[in-house]
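Q: Just so you know, the protein sequences line up as chains L and U, in that order.
Under the numbering used here, think of the first position of the first sequence as -5, with each following residue one higher.
Under the numbering used here, think of the first position of the second sequence as -5, with each following residue one higher.
There may be inaccurate statements among the hints.
A pair counts as met if it fits within one copy or between any two copies, since identical chains are not told apart.
Here are the simulated lysine-lysine pairs, BS3-like style, with alpha carbons at most 30 angstroms apart [what the hints assert, rightly or not]:
hint, residue 1, residue 2
1, K254, K331
2, K63, K254
3, K354, K212
4, K7, K330
5, K331, K354
6, K178, K83
7, K226, K162
8, K331, K178
9, K330, K354
10, K212, K71
11, K63, K210
12, K266, K126
13, K178, K330
These are calculated hints, taken from the structure and not from any lab test.
Protein chains: 2
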Amino acid sequence: MLIEMRGELSGGKVVVEGSEAEILGFRGFGKKKDRIVLSLEEAAVLLETSKLVITDEGGTDLTLAEFLKLAVEIAPKFGVRYLVYRDLKGRGYVVQPGRADFWLYPRGVKPGEKPARYFVRIFSERDCISVKELGELLILARNMRKEPILAVADEESDVTYYEVKEAKLETQEGKEGGDDITEKVTVTLLGDRVILWDTDVAEYLYRTYFFGTLTKEKRLLLSFPEAVYLMKRGLLELNGAPLESQYSNVKPLNGERLIKYARSIEPEFMDKYQVYADLMEKGLIVKTGFKFGSHFRVYRATQQKHSLYLIHMLPEDHVFTLPELSRAVRLAHGVKKRMIFAFREQEGGALRYVDVGRMKL
Amino acid sequence: MLIEMRGELSGGKVVVEGSEAEILGFRGFGKKKDRIVLSLEEAAVLLETSKLVITDEGGTDLTLAEFLKLAVEIAPKFGVRYLVYRDLKGRGYVVQPGRADFWLYPRGVKPGEKPARYFVRIFSERDCISVKELGELLILARNMRKEPILAVADEESDVTYYEVKEAKLETQEGKEGGDDITEKVTVTLLGDRVILWDTDVAEYLYRTYFFGTLTKEKRLLLSFPEAVYLMKRGLLELNGAPLESQYSNVKPLNGERLIKYARSIEPEFMDKYQVYADLMEKGLIVKTGFKFGSHFRVYRATQQKHSLYLIHMLPEDHVFTLPELSRAVRLAHGVKKRMIFAFREQEGGALRYVDVGRMKL
Chain L
-5 MLIEMRGELS GGKVVVEGSE AEILGFRGFG KKKDRIVLSL EEAAVLLETS KLVITDEGGT
55 DLTLAEFLKL AVEIAPKFGV RYLVYRDLKG RGYVVQPGRA DFWLYPRGVK PGEKPARYFV
115 RIFSERDCIS VKELGELLIL ARNMRKEPIL AVADEESDVT YYEVKEAKLE TQEGKEGGDD
175 ITEKVTVTLL GDRVILWDTD VAEYLYRTYF FGTLTKEKRL LLSFPEAVYL MKRGLLELNG
235 APLESQYSNV KPLNGERLIK YARSIEPEFM DKYQVYADLM EKGLIVKTGF KFGSHFRVYR
295 ATQQKHSLYL IHMLPEDHVF TLPELSRAVR LAHGVKKRMI FAFREQEGGA LRYVDVGRMK
355 L
Chain U
-5 MLIEMRGELS GGKVVVEGSE AEILGFRGFG KKKDRIVLSL EEAAVLLETS KLVITDEGGT
55 DLTLAEFLKL AVEIAPKFGV RYLVYRDLKG RGYVVQPGRA DFWLYPRGVK PGEKPARYFV
115 RIFSERDCIS VKELGELLIL ARNMRKEPIL AVADEESDVT YYEVKEAKLE TQEGKEGGDD
175 ITEKVTVTLL GDRVILWDTD VAEYLYRTYF FGTLTKEKRL LLSFPEAVYL MKRGLLELNG
235 APLESQYSNV KPLNGERLIK YARSIEPEFM DKYQVYADLM EKGLIVKTGF KFGSHFRVYR
295 ATQQKHSLYL IHMLPEDHVF TLPELSRAVR LAHGVKKRMI FAFREQEGGA LRYVDVGRMK
355 L
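Turn these sequences into a full structure, and let the hints guide you.
A: If you want it as structure tokens, here you go:
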């Protein structure tokens, strides 16, 4: 560029006036009026690439170092915003810095021509995001009809992008297991799981509905969520009362008694169980996700070989550190599954499922 | 087996007497005296495979269901111990159940012939293990000259084994960076990182010692640990004092001032920094592990392409849930790295590095 364009740092923005402003305007920077008001991020990138000279209010030229130092004083989050802005521009996107988020346009589109497709929320590796905020982000996205992106600048100043969306888990294909079992079968408590003794029912529940683990001796080892689920449907009967001494005033009511016991060894059992039951009712096949560090791995009935989702239930007041989020998503990605977090927006509220995935921009 | 062997459940053990005991003795079960005393796990497996009839003290035969129910009443951890015992026997190992741990012998070896090689600590998917316990396990292992294994039975009654060992991180090959820089270079704070302006020094530190990230404009973006490390060695000078208003009584002492600022935005910064500095002093190359959800990924100077370790610093009172441990180890394994947890056994104590890996038995 041959013209030396000049802007003035004033009131936390950089103002470019006159004909110079027009040139910038056509390049997707700033806001078009009679003058262009550049955000600090826009100005910094133009200064860095020698396309703009920035002066202070006294008219003295600022070096990039001076400008960055002032920018950090004006906006404490400037550092990480600047890194993300630079990164997105470098990838050929049109980006408009807003107060909290950046607006991201499809490549080659000028602001005003088409609406922004994404809004980008900006984080540093050491920031946190709460489950509540994730939920709010999705509501905001729905209202604005845009898709949310989390941009995280790590210590190497590398930016990782995550897409966040409502998980679509509904399915027509499954059927709930065990309706054709007419007599109650006996199970025995074995620590934190139960054994089902009837070898025919064991094999049937295992092969047809993928419940439990079948032993060599054709007995079925059921997890607590599985056992409670089948008991609530009247299919199982708990043999004996090994816990009667502890719960002598509790009538052996099967399901309820097992839940009470399960909660005594796993306080958040019910939260987890409700997700389990909800997924089962959606016709999905649900197994433990222990090997992947999450509560459940979930299959579709028509595609049993490879589990599709890892699902982890979180308390409604959970706060993610970003490395924690990164770890869960990276792991799911590495084993070709989607990472889904389940939570309630408020205590007793409906279950929500949020799908968070790595995004290649 | 043609002889019907009989044992009696008595005092929390199953006792087999006389000639029958001898036969069992040769098969690596129980304890050899004039009679054989079987642990509950041993007895349950023999009962399950119809090799033993177990009676109660009144002489009445017990079904497997009855026996398991009694066993859980006697030993609350019986359920998961039984699953792990069955699994190890099924894999052809000789196992001796002890009070807390199982003793595991190499395949085909009889107890007494050779010492046990491993001790196996038993967990359910919903148990926890503290960093303190991990440390104690290693001390125990050293004293007993055995290797520790964690066995975790998940909800599917599948058992996953983890080896735990001291990490060997020492290296002779590395050299610390920057000794050949004689003049202080200026850096500017940019949010939660710093920029180094001198393009020659930037390129030198980046290419020779792998510090930071080099921008297109040949400026070096350094993370706080990197910047503090170089400052403590007198190589960098912080430009200006953007935080003077906040810390007006703090003299601009470079390293210390930056640490104070870093701690204000990341309270556990020093813990993390001390691990960084320790690894650097061992001659290793240390970068952020954000993409893998841990603090650092670590390379050896002679093998820069692929990082070897993921290292995560934990507070000394940290308690792992087992899914959390599983997630970290699974992720590291999936990207062909070792998962190493750093911690201090007590506040102010020496740093310890524990390597936890999946083990195929």
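Q: All the hints need checking, so say for each whether the structure fits it.
A: Outcome of the hint check:
1. K254 to K331: neither (33 angstroms within a copy, 41 angstroms between copies)
2. K63 to K254: Between copies only: 18 angstroms across, 59 angstroms inside.
3. K354 to K212: between (47 angstroms within a copy, 25 angstroms between copies)
4. K7 to K330: This pair counts as neither: shortest intra-copy Cα distance 44 angstroms, inter-copy 47 angstroms.
5. K331 to K354: Classified as both; 16 angstroms inside a copy, 24 angstroms across copies.
6. K178 to K83: For K178 and K83, neither the intra-copy (65 angstroms) nor the inter-copy (33 angstroms) Cα distance is at most 30 angstroms.
7. K226 to K162: Intra 26 angstroms, inter 52 angstroms, cutoff 30 angstroms: intra-copy only.
8. K331 to K178: neither (36 angstroms within a copy, 49 angstroms between copies)
9. K330 to K354: both (15 angstroms within a copy, 22 angstroms between copies)
10. K212 to K71: Answer is between; shortest inter-copy Cα gap is 23 angstroms, intra-copy 61 angstroms.
11. K63 to K210: between (69 angstroms within a copy, 20 angstroms between copies)
12. K266 to K126: both (18 angstroms within a copy, 28 angstroms between copies)
13. K178 to K330: neither (39 angstroms within a copy, 48 angstroms between copies)
Violated hints, in rising order: 1, 4, 6, 8 and 13; the structure is consistent with all others.
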